[in-house]
Every structure is written in C-alpha cells, then in structure tokens.
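Position chains A and E against the provided structure of chain P, taking the given hints into account.
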Amino acid sequence: MSLYELLRGPLLWVAFGVFFGGMALRVVLFFQLSMQKDKPIYRFFSWKWLWLSIFHWVIPLNETAKKNPVVTLVGFVFHICLIVTPLFLVAHGVLWYESWEISWWSLPESVTDYMTLIAIGSGLFFGIRRMVSPHVRIVTTAADYLLLVVTLAPFVTGYLAYHQYFDYQTIILLHMFFGELMLVVIPFTKLSHFLMFFFSRAVTGMEFGRRNAPSW
Amino acid sequence: MGDKAANFNPDVFKKTAEEKSNARLKMWLEICAHCGLCADTCHFYLANERDPKMMPAYKAKKVLETINKKNKFDEDRLDDFYETIYGECTMCRRCTMFCPFGIDVASIISMARSLSASQGKVPKELLKAVEGHLESGNQMSITEEEWVDTLEWMEEELQEELPGATIPIDKKGADFLYVVNAREPKFYPMDISQAAMVFYLAGADWTMSRKGWDVTNLAMFMGDIAGATKIAKMVRDAAEELEVKRVVVTECGHALRSLQFESPIWLGRDHQFEVVHSVSLFAEYLREGRIKLDKSVFANERCTYQDPCNVSRNGGCAQDGREIVKYLCEDFVEMEPHGEYNYCCGGGGGFIPMAGAFKERRLKSGKVKAEQIKATGATICITPCHNCYDQLRDLSKEYELGIKVLSFKEMFEEALIIPEELKAKEDDEDEE
Amino acid sequence: MRRGRFLVLMMILGIATFLCTVNLDAQPDDILLDDSEVFTSRSRPAVEFPHLRHFDDAGIECSECHHRFKDGENIVDEGELEEGSAGIKCSSCHKSEAGFRLEPDLDPTKRTLQQAYHRMCMSCHRQLKKENKTAGSVTCGGCHPKKKADQA
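In order, the protein sequences belong to chains P, A and E.
For the first sequence, position 90 (counting from the first letter as 1) is numbered 90 according to my numbering, and the numbering increases by one without interruption.
For the second sequence, position 307 (counting from the first letter as 1) is numbered 307 according to my numbering, and the numbering increases by one without interruption.
For the third sequence, position 116 (counting from the first letter as 1) is numbered 116 according to my numbering, and the numbering increases by one without interruption.
These are computed hints drawn from the structure, not numbers from a lab.
Just so you know, even glycine gets a beta-carbon here, dropped at the ideal spot from N, CA and C.
There may be inaccurate statements among the hints.
To be verified - Taking lysine-lysine and the DSBU-like style, the derived pairs with C-alpha atoms no more than 35 Å apart in a straight line are:
1) P/LYS190 <-> P/LYS37
2) A/LYS20 <-> P/LYS39
3) A/LYS295 <-> A/LYS171
4) A/LYS14 <-> P/LYS67
5) P/LYS39 <-> A/LYS374
6) E/LYS146 <-> E/LYS110
7) A/LYS230 <-> P/LYS37
8) P/LYS48 <-> P/LYS37
9) A/LYS364 <-> A/LYS128
10) A/LYS233 <-> A/LYS15
11) A/LYS124 <-> P/LYS48
12) P/LYS66 <-> A/LYS404
13) A/LYS61 <-> P/LYS48
14) P/LYS39 <-> A/LYS367
15) A/LYS367 <-> P/LYS66
16) A/LYS404 <-> P/LYS37
17) A/LYS295 <-> P/LYS39
18) P/LYS67 <-> A/LYS367
19) P/LYS66 <-> A/LYS61
20) A/LYS128 <-> P/LYS67
21) A/LYS364 <-> A/LYS124
22) A/LYS374 <-> P/LYS66
23) A/LYS53 <-> P/LYS67
24) P/LYS37 <-> A/LYS124
25) E/LYS110 <-> E/LYS129
26) P/LYS67 <-> A/LYS359
27) A/LYS14 <-> P/LYS37
28) P/LYS39 <-> A/LYS124
29) A/LYS359 <-> A/LYS15
To be verified - Heads up, incomplete: computed chain A residues facing chain P, CB under 7 Å, no partners named:
30) LEU29
31) LEU37
32) LEU46
33) ASN48
34) PRO52
35) ALA57
36) MET97
37) GLY173
38) ALA174
39) PRO189
40) ARG313
Isolated chain P, as found in the complex (with noise of 0.2 Å):
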C-alpha cells in the first residue's frame, strides 16, 4: 500500500475514529463524573442562563473583549480561520464528494487561500505573544508550543501544496499527515476545548446566572 492510501484510507479512518470516539468519551466521561460530583449543575440547570453565557462569548460580546480588542479580534479571526478553512475548502469538498458523494458549499479558492495565510500569521500573532508577555509565558509549558505547531503545521503543508512549493507529492503526503495528527491530539490536549467550552461557559453561566449575575 502507498503512503498515500495508508494516509488516506487506514490512518483517516484512525485519525476520525479517535477524533470522535475520544471526544465522545469525554463528553461521557463528564457526564459520569459531574452527575456523582458536580450535582449543583443540575440543580440549578437553566437554559436560559447556559445560552446567554455561551452567546456572549462566541460573539465578543463581553468586558474582555472590549479590554482586549487585539487579542480578541486576532482570537477571532484565528479560530473562524481554523474551522472554516478546512471545511469549506474546495479540495476537501471533491474529496468529501469523492468518498462519499456528500458535497455542500465551498469558498473560492482565493478566499480560502488567505484565509489559510491569516490562520498561520495569526497562530504565529499567540506564539510570539508567549514568547514576549511574561504574564503569558509564565503559564506557559512545552506543551503549549507543540500543540501550536501542530494547530498550524496542516495549514502551512496545506498552503505549500496549493502553491505546489517544493515537493508537491511529499508536501501533500505530509499536509494529510498533520491534520490527522491534530485530530488525533484534540481529545487528550487543551485543544479540546473546541468542545469543552462549551460545557465550561454552559456551567460557569449557570452558577453566575443562579445568583443573577452575568459571568461576561
């Protein structure tokens, strides 16, 4: 088998199947543990305080984003470009279409091409702002530079290949390697917290909201 089936085909199905499985478990897992020791979640559960905290964070909704508008509008621009680069690609969508015959909405190419460089500068914007704030890099551990390079290593292989710098066979081989590798990652590190924030802002909302005070 070529590297390039092992990429696609086992290593994918790999890198899924942890990515969701691992998220999945997580999510059990928390459920498990907070239904025997977080009881005050769901005593005082309320949807109407779980939506207004996750709203008024995934839109900058709140008093850090108007004390920290750089950091909140790069923070923006970083994570729009993370998610929707890779989903709304054109090239993923005719692989999408190829496995699966599944096709929904694509960018321009161009679009998602900058979309791509804005990603790296941004990712680059945090490294360096833990390299040089020392508030920031007081907290901060190898593993938080290594999961940096590893958020940013498919869109920098992703955007060689585009541009077919270098070697346009290994480059793409590596570009495949690197996505499944972060999703591989996501569940066991901090970058879960695609998910978890959820659930973090939902009952942080809560326990603010049931003393009718607002966490944002």
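Same frame as chain P, now just chains A and E:
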C-alpha cells in the same frame, strides 16, 4: 495543627485530591488555554507590579502540578503551595468573569485549601475561629447568656430614643429572622440596634434567635466543607424551627454567599426560607416608602460604593446597593469598574482574620482598591460587608485616603426620618 | 496481373492511410480539458488529459469512460465516437448544474462537469493505486500542476 504541617501524609493528600476532583475542576485544569487574559483582572497581579506569578492561571497551574505530583509532594512544596492559595487569592471570582472559558479559579483554590487542610495546614486564626464556632455556635465564642444580654442592652439603648422599638427573640412565625456577624455583639453592638431601628420604623415583623444567630462561615474559606456544613446547619435549623419566611443577613458578604448559595449545596436541599441580604431588604423598604431618609444629612459629602464581591458579583445584589444610594447621597460617584465587575478590596477569602505576613499582603493587594477610591474623590465609602469595612479602614490609613468608611446602617442612623409620634416623650407608651 | 496487384496494394495502403488519419483525428494524444464555457472562473489550471495513454498504454475500452445512459444502461456505440460528433465531450451533457438531458429519452446527468471529471478520473486512479498498479495521479496537484500550466 496551625501554620505548620506536622507531617506530610501522601495517602491522605491523594485521597482528598481524588475526592475533591469533580468534573468541572478536571475539565478546567485540562482546557485552560494559558492565554493570559486573566492576568490583569486580578488585584494581586495589579498591586504587585504585574508580577506574573500573581496571575490567576499561574495559581491554578500550581494547583494542577500539585495534584499531578501528589506522590512527590512534600512539606517544602506544601509551604509554597500554602503561601499561594492563602496569600495570593481572595476567591473573589473576578477572573472567572473575564475568562473566555469561564474557568472558576476560586473553586480551584478552594479545592487546594481543602488539600492543604488535609495536611493540617491552615491559618491558625481561621482554624481557631472555626473550632470556636463549631463548639459555641459562633466564631467569637460568645455564650448564649452574653448574647441575650447584649440584645437586651441594645434594646434598652434603642428604647431611649424610640420607646416602642423592641428586639424580639425567638418569635415563632415572624416574617424574618435577622442573623448577624459575631463581631457585631462582640465589637460593634450598635450595628444590632441600628438594624432594629430600621426594622421598627419599617414596621417589620422580625425576630432574632438564641441559637444559630452567627451567619458567618469561615470554614468555607478553609475548604473545610464538613465544618462549613455544620455551621450553616446551625442557622438553617434556627430559621426552620422559628418557621420564618425569610432570613435576613446582616451587612456581611461571605455570610450571604455561604447561606444563600453554598449551603443549599452542602446541605443537599433547598432551605425552607428565603435568604435576603440587608441591602435588598433596605432597598425594598425605601422603594415601598416604609422608611424615609433625609438626603441633606450627607449633602456635603461625596459618596462612593464598594461592591463586596460576595454581595454584588457572587450575591447578585449590585443594583440593590445602588438603589439605596439614590435615597441617601446627593453626590455619588461610582468607582471604575464597579458592580459585578468591581475589584476585590483585598479583605476577602478569610484575609481579615489572618494575621502576620498575610496582613502585609492584604494591605499591598488593596492598592488597586485604594487607587479606585482615590480616583472618585469620595469622602465616604459605603460598604455592606464587614470584611470590606475593615479592609477599607486599613487602606484609608495605609494609603492616606482620608475617607470615612460606613455601612448603610451607620448612615441610616443619622439620616432616617423618625416620625414625631414615635420619638421618646415624657410618658412612655406601651406597645405589643 | 502485376499492374493489377500493384493497384490493389496501393488501394489497401491508401485505405489504411485514410483510416489511420481518421483514427488519429478521432483519438488525439493529449486533450486540454479547458471547458471555458462551463469553468468561467477557474482557480486551478486546466488538466492536460493524456487521452492516447488511456487506451494505448492502459488498454481501457472507450465505453468505460464515454457514456450515455438510457434507463441506467450505457448505450454509447464506439462507432459514433468521432471528434465533433454530438455528445462526445463530457461538457456536452455535464454542465455547471446537474440534471441535463442530451435527448428527451436519455437519463439526466447526475454530476456537474467538475464532479464528473473528478469522479471519472480519480475513482479509477485510486482503484488502480489500491491494487498497486500503475495509475494516474490522485492528488490535486498531480492533475492540476501549477508550474507546467504557468509555462504553457
């Protein structure tokens, strides 16, 4: 017991860590992105020249490392850990409001305090107060006799001015039970008569209790949930025995937080009464016109309002305090930020009773509050919390703010408009 | 007699040459899949499709690719596959939207032109790759090479 850990017991430590690790704590310690946005939300960080070691995420990280290394944890590390969790956090939860994930660092610190307590390492002043509270029913170890004497004495004092006023004790079925901080009978008995005066003028149906009258709960600050539960139960039992509809908490912050929001969790069920903070009750009286204030009394003063974390941010009463101020002050200036977003004064989390090096840190961390107050140009700083009250007085001295620190009750005593017919006359009239 | 034989030979040669020419016209070596009437805005270079190699080297039957479906059955007759004949190009039926019918009684198209190309090329290339046989490219840049197109 006390400041020094006699022996480090890894088994107990491990067991406690296991017990206290709930789903939220685990999730928070895992997902913290180390973004650093919490740094300048913390008054310790700002007051200590932006020392990165003072930022909330760093303190949380320290706790995480401690839990992960539970087997290699020893006395030296415990000392370092102890300094952080007691000396660098008031559990005010301001950082939580600014954290994109809403990570509750206060509950992480609270868990860490439980861990520390499992090794017998707690500030001795807190421990002494809690032990006294569990034994005598109040943190100042006042006997029931002394307590009742104090109430009777205050009633007499009050009646000199308002002959009809009383301080009812154990009146079953009253509208509300008024519970206080043990420092009131011990050091500031006038607080009780001032409250009684407000209740009398408002025509309230109220009572005090012989037992379970001290609503403070310092065990909460030690991460001693078993102790905190017992203490909260004393108040709950007293209130439910007297079959009151409401329990009104004196102008004290952590007492409200512990009785209204934490104790229903510890005790496993909702109270059979409503818990109301004094500011909410006072605001209600003013709104309904049951008491009237003479605004001119403080006309020459500029007032500002210190939101106690546990009344505003963690108690949801930020607006009530402001409503009262409207009836009381001509010249009112808000601190920036204020309300739920207010900075902790530095006196929370058990800091006030803690002595020694903790006092220095408390005064240093209060720099942020001192500057906030200075910027308002206020001459009076109102605060409905005993801990804020003490801290602000200390800060006024330390940073030469030249302010008067007053509780609402103290201001009411001067500004309340007393109907002529209620004032003392030559011949006393009888009331029920 | 000799003269007659020569004539026959010449005729055979002539017919063969004619047939050869016709054959070459019908089956060009490389086809630039430009389709500018469908791909009005394009972000990748058009594919240079090595037509000859597909049946010469790979031995693929015409009707494995060329198709016209009626009730789910490919009714293409190899004889009609000549350059310029109706429906010989993919883009005769596969447009920017699916659902086109070449003739009223034929099945409508299921795929857009882009989907049709990708499907037709890549499914086969992948299958061969899986069987460890010589295969065409399966990656984007393999068929849409930037540099080559830039030079052209």
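Structure-based check of all given hints:
| no. | hint | in the structure |
| --- | --- | --- |
| 1 | P/LYS190 <-> P/LYS37 | 22 Å, holds |
| 2 | A/LYS20 <-> P/LYS39 | 13 Å, holds |
| 3 | A/LYS295 <-> A/LYS171 | 34 Å, holds |
| 4 | A/LYS14 <-> P/LYS67 | 40 Å, violated |
| 5 | P/LYS39 <-> A/LYS374 | 43 Å, violated |
| 6 | E/LYS146 <-> E/LYS110 | 29 Å, holds |
| 7 | A/LYS230 <-> P/LYS37 | 20 Å, holds |
| 8 | P/LYS48 <-> P/LYS37 | 23 Å, holds |
| 9 | A/LYS364 <-> A/LYS128 | 25 Å, holds |
| 10 | A/LYS233 <-> A/LYS15 | 26 Å, holds |
| 11 | A/LYS124 <-> P/LYS48 | 43 Å, violated |
| 12 | P/LYS66 <-> A/LYS404 | 33 Å, holds |
| 13 | A/LYS61 <-> P/LYS48 | 31 Å, holds |
| 14 | P/LYS39 <-> A/LYS367 | 38 Å, violated |
| 15 | A/LYS367 <-> P/LYS66 | 24 Å, holds |
| 16 | A/LYS404 <-> P/LYS37 | 45 Å, violated |
| 17 | A/LYS295 <-> P/LYS39 | 47 Å, violated |
| 18 | P/LYS67 <-> A/LYS367 | 21 Å, holds |
| 19 | P/LYS66 <-> A/LYS61 | 26 Å, holds |
| 20 | A/LYS128 <-> P/LYS67 | 42 Å, violated |
| 21 | A/LYS364 <-> A/LYS124 | 21 Å, holds |
| 22 | A/LYS374 <-> P/LYS66 | 24 Å, holds |
| 23 | A/LYS53 <-> P/LYS67 | 21 Å, holds |
| 24 | P/LYS37 <-> A/LYS124 | 29 Å, holds |
| 25 | E/LYS110 <-> E/LYS129 | 26 Å, holds |
| 26 | P/LYS67 <-> A/LYS359 | 31 Å, holds |
| 27 | A/LYS14 <-> P/LYS37 | 17 Å, holds |
| 28 | P/LYS39 <-> A/LYS124 | 32 Å, holds |
| 29 | A/LYS359 <-> A/LYS15 | 32 Å, holds |
| 30 | LEU29 | 10 Å, violated |
| 31 | LEU37 | 6 Å, holds |
| 32 | LEU46 | 11 Å, violated |
| 33 | ASN48 | 12 Å, violated |
| 34 | PRO52 | 4 Å, holds |
| 35 | ALA57 | 5 Å, holds |
| 36 | MET97 | 6 Å, holds |
| 37 | GLY173 | 28 Å, violated |
| 38 | ALA174 | 26 Å, violated |
| 39 | PRO189 | 31 Å, violated |
| 40 | ARG313 | 6 Å, holds |
Hint check: violations occur at hints 4, 5, 11, 14, 16, 17, 20, 30, 32, 33, 37, 38, 39; the rest are consistent with the structure.
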